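Work out the full structure, taking the sequences as your base and the hints as a guide.
There are 2 protein chains.
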Amino acid sequence: MNEKETILAVIHNRRSVRNFTGEPVSKDDLMTILKAGMAAPSAVNYQPWEFVTVTNRETLNQLADGLPYAKMLYKAGAAIVVCAVPDKAFDKSTEYAIIDAALASQNILLATESLGLGAVWTAAFIDESRINYVRTVLNIPKNIIPLNVIPIGHPTGEDKPKDKFNDKNIHWEKY
Amino acid sequence: MNEKETILAVIHNRRSVRNFTGEPVSKDDLMTILKAGMAAPSAVNYQPWEFVTVTNRETLNQLADGLPYAKMLYKAGAAIVVCAVPDKAFDKSTEYAIIDAALASQNILLATESLGLGAVWTAAFIDESRINYVRTVLNIPKNIIPLNVIPIGHPTGEDKPKDKFNDKNIHWEKY
Chain B
85 MNEKETILAV IHNRRSVRNF TGEPVSKDDL MTILKAGMAA PSAVNYQPWE FVTVTNRETL
145 NQLADGLPYA KMLYKAGAAI VVCAVPDKAF DKSTEYAIID AALASQNILL ATESLGLGAV
205 WTAAFIDESR INYVRTVLNI PKNIIPLNVI PIGHPTGEDK PKDKFNDKNI HWEKY
Chain H
85 MNEKETILAV IHNRRSVRNF TGEPVSKDDL MTILKAGMAA PSAVNYQPWE FVTVTNRETL
145 NQLADGLPYA KMLYKAGAAI VVCAVPDKAF DKSTEYAIID AALASQNILL ATESLGLGAV
205 WTAAFIDESR INYVRTVLNI PKNIIPLNVI PIGHPTGEDK PKDKFNDKNI HWEKY
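Each protein sequence line maps, in turn, to chains B and H.
Heads up: the first sequence runs through residues 85 to 259, numbered per this note's numbering.
Heads up: the second sequence runs through residues 85 to 259, numbered per this note's numbering.
If you are wondering where the hints come from, they were derived from the structure by calculation, not from laboratory data.
All figures in this text were calculated on a predicted structure; none of them were measured in a lab.
Do not take every clue at face value.
Identical copies carry no separate label here, and so any pair may be met within one copy or between two of them.
[As the list claims (entries may be wrong)] Quick list of in silico lysine to aspartate or glutamate cross-link-like pairs, EDC-like style, CA-CA up to 16 Å:
hint, residue 1, residue 2
1, K176, D211
2, K159, E242
3, K159, E142
4, K111, E257
5, K111, D251
6, K119, D247
7, K119, D251
8, K258, E142
9, K159, D149
10, K155, E142
11, K226, D171
12, K248, E107
13, K119, E212
Set out below in structure tokens:
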């Protein structure tokens with residue numbers, strides 16, 4: 085495969101991985117993933133994002149205990165919490181901070197897939213109780229919004245990519 | 085390069101391209117880019133996105149005329165307007181629709197880069213006047229939010245990637 089084919093393959097092979105083997109994830113791999121996150125674009129290049137990276141087994145379990153849709157954390161090797169920082173965003177806009185942190189998150193999901201690891205976006209935002217739980221467990225200040233909790237780990241292989249192409253979503257020239 | 089290296093290279097080489105040669109973009113390339121967009125994840129897999137793809141010279145110019153930060157459309161070969169559709173989103177949430185459309189947009193930017201083309205996110209959302217202008221030019225209904233206008237074209241080569249790695253954005257184990 086040439087460069088063009090491989091990135092498109094990763095984009096299409098990326099799937100939400102919810103089944104992990106329990107093996108740890110190396111710090112080298114996590115750094116590669118975090119660097120990819122920070123390569124995302126942001127409004128006026130303000131980069132209004134921060135990342136809390138968890139590898140500690142007890143903390144991962146504590147997050148799983150309180151997050152109904154993140155039980156896969158019990159078997160994940162790590163988690164990255166992508167945070168939106170409105171104070172650092174263009175116009176101090178919460179909306180831009182959220183969008184920019186979302187773009188960093190998509191790079192994180194793709195980089196994870198490219199390393200042969202798996203990940204899934206579990207939402208903290210916009211649920212106030214989940215946001216507060218993540219803030220409490222990870223000491224995240226009130227002015228910083230944990231957008232998601234992304235469990236990362238070695239996939240068991242059970243999760244498969246979906247074909248989501250739908251021609252009806254495309255309008256040519258006008259809506 | 086192997087698969088792992090190539091996607092990371094594309095993620096890091098992707099830059100906001102604002103200088104285009106004026107050459108057209110093929111429909112095949114646009115379809116490849118749109119398919120990559122639809123491979124993004126979305127909340128509960130609801131896929132609350134639609135895409136208006138413009139190649140008509142007059143429409144591209146008309147968009148450029150009314151959008152102060154999208155003057156590069158005069159030299160772009162095409163544009164994709166990624167739309168968020170709250171009615172189709174999980175919980176009919178505008179926030180999820182915006183986030184999901186942002187993830188599709190990031191795939192679009194990466195796929196464009198991988199084809200040797202260039203692109204840049206110019207924001208419609210959250211500016212009401214730009215949102216309304218794009219809606220008017222492209223006949224987009226009121227309940228659908230044009231998140232951005234992404235000019236796509238052949239880069240002149242002037243635009244270079246930035247290294248945005250910042251160790252201070254990373255917190256280990258706790259904030």
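The hints, checked one at a time:
Proximity of K176 and D211 under a CA criterion of 16 Å is satisfied inter-copy only: 14 Å between copies versus 21 Å inside one chain copy. For the identical chains of this complex, K159 and E242 are intra-copy neighbours only, at 14 Å inside a copy versus 46 Å across copies, given an alpha-carbon limit of 16 Å. When the C-alpha separation of K159 and E142 is checked against a cutoff of 16 Å, the pair qualifies only within one copy, where the shortest distance is 12 Å, while the shortest distance between copies is 54 Å. In this assembly of identical chains, K111 and E257 lie within 16 Å of each other by CA distance solely across copies; the values are 12 Å between and 47 Å within a copy.
Within a single copy, K111 and D251 get their C-alpha atoms only as close as 41 Å, which misses the 16 Å cut-off; across copies the closest is 14 Å, which meets it. Taking identical chains as interchangeable, the C-alpha atoms of K119 and D247 lie at most 16 Å apart only when they sit on different chains, with a minimum of 10 Å there against 28 Å within one chain. In this assembly of identical chains, K119 and D251 lie within 16 Å of each other by CA distance solely across copies; the values are 9 Å between and 34 Å within a copy. Within a single copy, K258 and E142 get their C-alpha atoms only as close as 53 Å, which misses the 16 Å cut-off; across copies the closest is 12 Å, which meets it.
In this assembly of identical chains, the alpha carbons of K159 and D149 lie at most 16 Å apart only when taken from the same copy (13 Å versus 53 Å across copies). Proximity of K155 and E142 under a CA criterion of 16 Å is satisfied intra-copy only: 14 Å inside one chain copy versus 52 Å between copies. Proximity of K226 and D171 under a CA criterion of 16 Å is satisfied intra-copy only: 11 Å inside one chain copy versus 30 Å between copies. In this homomeric assembly, K248 and E107 never come within 16 Å of each other (Cα to Cα): the closest approach is 30 Å inside a single copy and 30 Å across copies.
For a Cα distance limit of 16 Å, the shortest separation of K119 from E212 qualifies neither inside one copy, at 29 Å, nor across copies, at 34 Å.
Checked against the numbered hints given earlier, this structure breaks hints 12, 13; the rest are met.
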